[in-house]
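Asks: Could you put together the complete structure from these sequences and hints?
There are 4 protein chains.
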Amino acid sequence: MTQPIRYGMIGGGRDAFIGGVHRMAARLDDSMTLVAGALSSTPKKALASGLDLGLDSNRSYGTWNDMLVGESMLPESERMQCVVIVTPNNVHHAPAMAAMEAGFHVVCDKPMTCTNAEAQALVDTAKRTHRVFAVTYNYTGYPMVRQARDMVHAGSIGRVRKVFVEYLQGWLATPLEGDGQKQAHWRTDPTRAGAGGAMGDIGSHAENIMSFVTGLEVEQFCSDASAIVEGRAIDDDTAVLLRFAGGARGVLCASQVCVGHRNGLTLRVYGETGSLTWQQEHPDQLHVCSLEGHDTTLHRADAGLCEAAANATRLPGGHGEAFIEAFANIYRGAAAAMHADRDDGEAFGYQTAADGARGVRFINAVVDASGQGWTALEG
Amino acid sequence: MTQPIRYGMIGGGRDAFIGGVHRMAARLDDSMTLVAGALSSTPKKALASGLDLGLDSNRSYGTWNDMLVGESMLPESERMQCVVIVTPNNVHHAPAMAAMEAGFHVVCDKPMTCTNAEAQALVDTAKRTHRVFAVTYNYTGYPMVRQARDMVHAGSIGRVRKVFVEYLQGWLATPLEGDGQKQAHWRTDPTRAGAGGAMGDIGSHAENIMSFVTGLEVEQFCSDASAIVEGRAIDDDTAVLLRFAGGARGVLCASQVCVGHRNGLTLRVYGETGSLTWQQEHPDQLHVCSLEGHDTTLHRADAGLCEAAANATRLPGGHGEAFIEAFANIYRGAAAAMHADRDDGEAFGYQTAADGARGVRFINAVVDASGQGWTALEG
Amino acid sequence: MTQPIRYGMIGGGRDAFIGGVHRMAARLDDSMTLVAGALSSTPKKALASGLDLGLDSNRSYGTWNDMLVGESMLPESERMQCVVIVTPNNVHHAPAMAAMEAGFHVVCDKPMTCTNAEAQALVDTAKRTHRVFAVTYNYTGYPMVRQARDMVHAGSIGRVRKVFVEYLQGWLATPLEGDGQKQAHWRTDPTRAGAGGAMGDIGSHAENIMSFVTGLEVEQFCSDASAIVEGRAIDDDTAVLLRFAGGARGVLCASQVCVGHRNGLTLRVYGETGSLTWQQEHPDQLHVCSLEGHDTTLHRADAGLCEAAANATRLPGGHGEAFIEAFANIYRGAAAAMHADRDDGEAFGYQTAADGARGVRFINAVVDASGQGWTALEG
Amino acid sequence: MTQPIRYGMIGGGRDAFIGGVHRMAARLDDSMTLVAGALSSTPKKALASGLDLGLDSNRSYGTWNDMLVGESMLPESERMQCVVIVTPNNVHHAPAMAAMEAGFHVVCDKPMTCTNAEAQALVDTAKRTHRVFAVTYNYTGYPMVRQARDMVHAGSIGRVRKVFVEYLQGWLATPLEGDGQKQAHWRTDPTRAGAGGAMGDIGSHAENIMSFVTGLEVEQFCSDASAIVEGRAIDDDTAVLLRFAGGARGVLCASQVCVGHRNGLTLRVYGETGSLTWQQEHPDQLHVCSLEGHDTTLHRADAGLCEAAANATRLPGGHGEAFIEAFANIYRGAAAAMHADRDDGEAFGYQTAADGARGVRFINAVVDASGQGWTALEG
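Protein chains in written order, with the working numbering: chain A, 1 to 379; chain B, 1 to 379; chain C, 1 to 379; chain D, 1 to 379.
Just so you know, the hints here were simulated from the structure itself, not pulled from any lab data. Treat the hints with caution; some may be incorrect.
Now the in silico label distances, taken between C-beta atoms and shown as ranges [claimed, not checked]:
1) C:Q285 to A:E78: 57 to 65 angstroms
2) A:S156 to D:D52: 33 to 41 angstroms
3) B:T191 to A:D150: 42 to 50 angstroms
4) C:E378 to D:E219: 29 to 37 angstroms
5) D:K182 to C:G155: 26 to 34 angstroms
6) C:N65 to B:H294: 37 to 45 angstroms
7) C:G247 to D:A347: 27 to 35 angstroms
8) D:G178 to C:G373: 32 to 40 angstroms
Covered stretches of chain B (chain C as the covering partner; in silico rule of three or more C-beta atoms under 8 angstroms from a C-beta of chain C) [to be verified]:
9) 258-268
10) 315-327
11) 330-336
Please read these numbers as outputs of a predicted model, since none were measured by experiment. All C-beta atoms, glycine included, are put in the ideal place defined by N, C-alpha and C.
Replies: Here it is as C-alpha cells:
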C-alpha cells in the first residue's frame, strides 16, 4: 500500500465550510493525511482548530508562514509534503507561491487567485519549481463527467455545436452578508473574493466543467453581470453568451439569487449527432441522446464506461457516490502525481495551475466587460 | 348549450401539421365547428383535402378569397363566423385583413406576420372592425401556465428578478429542408417564415409565455442568432440576454438543432421570495419553491388553484391533460369572445393581435441585432 | 371521410364524471357523434342533462328502455347505431343485453358487470347477436402501452418472469361517501359497484393492463382485500400475490387510501433479457432496460415504434397526448369495428366482452378469497 | 478530538465487496481506525490482504481466533477495541460470540446470523457481556430515512395504514453463480447465505427499513419465495403480504432478477393524513404528501429537519451525500456507543442485536412459509 501524502492545511478552521470537505476527501481513500495546519488567520483560533482536529500541537501553527518554516525544519520523512489552501480567494496566491518556493506541492481551492497576474505567477512558479499544483475544481472528479468528456473527445456526439452550462443557487437571495454569515460575508466582498461574486464562486466551476468536457475555447463573449440584491458590491447573477473557436455557441449562467436551487450545476452539450446532459444533483447518471432518437441513461459503474470513469468509481451501480467521493477523486489524482513527482493533470486526473489561470481570466473578463456587448477573450 | 362557432379554415390541407391540431382543439369542447375551407394554396389539393374532412363540396373553396366571397353570400345563420388561418407565416396578413374587413372573426397561428408593419395593420384593423382576433399562442392555454401567471401577479414569489425561458428542439439538426420535408422546407425559408427561423417558429412561443406569465417588458437585449447547420438561410439556434424594465434580467434560448429535445419549452421565474418552474413536456405540474426552502409541486385540478387554472381543467388530477386540451382552451376562449362579440383576450383567455404584434417586433429585433451587442427594444 | 357512428348515451348526466370523458373521446376524432340519450335514472334530470348537451329533445329519453324503443322506430339512416353505457356497474348488464337484442352495438364502461353470470351472458349475447361490444379499458388506448405489448409479444424482453402492477389513488382516504360526494357514494356501495371497491374500480384496470401487455394467465393467487377506512362496506385497499401459468410471478395492488396519489397506475414487466415500465401519469414514455445494462426511454411518435403505437398517435413527440387521446383511441377502434360490423377487439384495438368477463371473474375471486391463502382462479 | 476506535476486521480481503465499504465508512469521519485483521478464511490470502491495506504484519492474522487471542495480549491502549465482521452470513455467529466473550465490541454485517437460535444467542451474549453490538443495516444511516422515522413517530402522517417496501436488483437475472462470480456464489449458496437468498440479502434491508421507519410489528404474512432462475438453490424473488398489529397492511418485495434495477430500495408509507416516499437511489430527498393535496420534497440539510437527520448531515443541500456517508453514520453511532460503553442503538443511532434477531426471524419465516398461505409471525 502506498503511504498517504502528508499535508498541512492553510485555512479551514472553526466555522469554515470547505476545509472540512477537503479533509474528508483526503481521508476517504487514505490519499493524504493531515499532519500540520495553519487553520485560521487568527492565531488563537488556528490553535484551537488544531486541537479540534487532533493535530500535534507542535504542528498547529499560528500563520502559514510559520508552518512553511516549521515543517521545513522537520526530517523529510516526517515533514509535510504538500499544502492544502482553503482560505478566501485573496489568500491563495501568497501562500501558494511561498509553499512552492519552499519545496511543497500545492492543492488550492478555486478560483485560483483574484488577478490574472497572480494566476500567471502561479503557473510559472509551478513549472519552474517542478511542484504539483492542483486546483480543486471538484466537479471534474465525478465519474460521469469524465465519461462525458471521453465521449465528446471520442466523437460520440460529433462536432460540438452548442453548450449550455448553468450553476444556480438561491442562498444569497437575501442580503445574508449583512447578518454576519461568514460564508456570505467574504464571498460578497470583492477585496477577498476578487472581482467575481457568483461568477467567481460558482461561475468558475461552470467555466471549468464546460471546458473540461468540451475542450472548446471561448473566442468572444457578451456578458451581463448584475448585483440583483440591493447594496451588494459584487455580481450575484451573471449570464454570458459565448462564441467558441470553430463556430460553436454557448450560454453560461451563474446565479446565487435563484430561490429554490441548492447546488444546481447542469451541463448540456449538443453535437452534430448526439447530446449529453449531466446534473450535479443526480451525479451518477449521464443522459445521452442520439440523432436517431435514442434516449439513454448511462449509470456510474456500468460496463463499457471509459477508463477514467471506471477508475473513479468505488461502488456498484445504484449504491450512490456523490460530492465527497468526487472530491476524493481529485485528491487521489493529486496524491498520485505527488508520489510520481510529476505535475501532469491530464495523466493523473486533476486541474492544473494553467486550468486555474484560464478560469481566473474568464471570470475577470466576464465581469469587466459586463454590459459592453461582444468582447474578445484574451488567451 | 351554446352553439359552436362556425369556422372556415385557410390552410391545413393534406400534409399540413398544425391544421389538424386546430380542428381537434376546436372540436374537443364543441367550441367551433368546421363548415368551410380553403385548405391549400393549390386549388385541386384544397378540394381533395375538403373531401377528406367531410366538408360540403360547395364550401370547400379553391382560394381563401373565394371562401370569403362565397361565405358572405350565405344566410347569416349558416355562414361561417370566423376564419382560422394556419398557413405559412407570409400568408397570415392578407387573409386576416380581408376576413376582418368582410366581417369575420379571426383565429391566426403564430407568429402573426412577417413584418412589424403588417402586424400593426392587424392590430389597427381588429380595433376598427371590432372583430375578435386570437393568435394561437397555445402554451398560454395550459392550466398550470395560467396558475403561474396568477401567482406572479398576486405576488406569491415577490418581485420577479430573473427569468429563464428556453424552447429547444432537435428536429432540424440536419438539413432536412433539402430532403423535401414540407414542414422543414417552409420553416427555414425566410420568404415564407419571415426573418426568424428557430426564433420565429418557437422563440416566438418562448417570448409569449415569458411575457404572459411575468408581465415584464424587455428594455434592452443582446442576441446571437445563428444558422448552425451549414447552408441554412435562417437562424436555427438563438440565444438572447434580456434586461427588463424595473431591473430584472432574463435569458431566452430557442434552438432547433439541440439533438434529443422534442418540444422542450421550459419557463423558470425567480422572484424575491419564491420561484416557479413549468415544463411543457410535463404540463400538469407547476414546481414552486419558497425562500424558506419549501419545494412543492402543484398539480392541475388541485384544490386551491386560481380560477383561470380551474376553468381550464376538464379531468381530475392524475388523469393527464396535454397539448390538445391546452389548445382547446384557446379555442374555448376565442369562441366565447365571439359569442360575446368582444375582443378581450384578458377576459376570455386568449392572446390578441396586440400580443401577436409584440411578438413579431421581438423576433425581428432579435434577429436584426444579432451579434451587435446591447440594443434597445422599440415598444 | 367515414361518417361518425351515431350513439345514444345511458347515464352521464349532470354530476357524472366519466360520461363527459366518453363524449370528448368520441368527438376528438369524430369517431362517434351523440344523437340520443337516457342520461340519468331520474327522468327529469335526464331531460335537463339532454338540454345541457344540445340533444334534440325528442331524442333525450327518460329511461334507457324508452331510448331503445324510440330509436328503433327511427329510419335506419338516422337511428343511433350504438349505445354507450356509463352508469354505475349494477346498471351495465340489463341495458347492454337489451341493446344488443335490439340490434345496437355497445360501448360499456368497466367493470363490465357485478356478477360472473351477468358477464358471461354478455359474452354469449354479443356472439349470438353479432354486435360489437367494447369495454372501455381506456389504458389499453395509450400508444406506449400498445408498444409495451408489442415488445413483450415480440420477445424483446424474453420470457416474462415477474410483473408488478399497481393502481394507487388517495381520494377515498377519508369517508367521503358520507359527505354526499356522488362518485364516492356509489363506488363504495356494493349494491351498485359490485363486490369490489378499489378492486372493482381500479384494480380492474390493473388486471386488464397487466393481461393486455403480458398475455399471462393467472393460475393461483393470494389476496388481502381490506376496508381500511372505518365503516366502509367494500375494500378500499387490496393487494394480491399472483402465480401465472408457466411459472411467472406477480404482485397487483389497488388502493384508494394512499394519500398523495392521484391516478397512480404503474406497470412493470421483467423478462429474462429486459424490462419495461410504464406510468400512466407520464404516458408518452416507456422505459426499457436490457440485461446488458442499457437504460432507454422510448417516446410516443419515435421512429421505429410498432404499428399499433404509431396508429394511435396524433402529434409529434414532445407535444403531449394524454388521457382523453388514449380514450379516443378506444372509440376510434370501436367505431371502426362497427363500420366493419365485426366484433374483433384484437384487430380494431379495443377490449371485448370476453376481456370484460375475465376482469369480472378476477375481481370477484380476489375479493371472495381475501385472507384465505392460495386460491386457484377458475378460468 | 475523540480518538478513533481501533478495530480489527474479520473478512473483507481481496475480492470482497462490502469490507472496503466498511473501511471507507469507518474512515470518513475518523470514527474508527483499522489496526488488525483476519481478512480471509485462507490464511495466505489474509496476510496478502493485510499488506494491501498497510496493516502491521504482526496484526494481520491468519484466523479470527488468532486475532482475538493476539490482540488480547496487547496493552489495552494499543489493542483493538472492536471487531468488524464482514464475512458470509454463516461466519457471523461464531466470531461475534467469541469476540464478545473476549471483551470486544462488535460491528456485524447483516443478516446477523443464519438461524434464529444463533441470533438469539448474540442478543443474550451482548446483554450479558455489556458489549456494543451494531448490525450494519446501513440504510438507517440516511438522514432522510431518519427524518421519515421522526415524522411517522411524531404523527405527521397520522396512524400508518399501508406500507410498500421493495428492494429490487437485476444482477442475478442470469445464473452468475455458475461463472465463478464470488459475490453471486456465496449469496446463492444456502450453506453460507442461510435460508434466504434475495430475502436474506436484500429483503432483510427492506424489513429493517420498514420497521425502523414505521415501528409496526408484523402479525401475519403470506409469502411467495421463488427461485426464478433455473437451478438456483435459494429464492431470488420474493413477495410478501403483511398484516401488522393494529390493522395496517403492507407489501414487501425483494428480487434480484428484476433486470434494469441496480439497487432499487423504495419505501412508501401511507398514513391517515399524509404519506412519505424515500428512494435509495435519490437518498437526499424525502417526498411528503398531505391529505390536503400538498406535494412536497424535503431535502437533506433543509432547515427544520429533525435532530437525527440534521446530525447525520455533513454538507449543505444540493451537495449530495450518498451510500458511504450513510454507512459512515452507522459507524459514527457505533463508535460513540463504544466510547460511552453503552449498547443503546436508539440513543446512538445504530441497529442492535435485537433488531438483527428480528430480521433473521422474519427472513426464515418468510422463506419457510412460502406458498402456505397466511401465517402468524412468532415474536
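Asks: Which numbered hints turn out to be false for this structure?
Replies: 6, 7, 11
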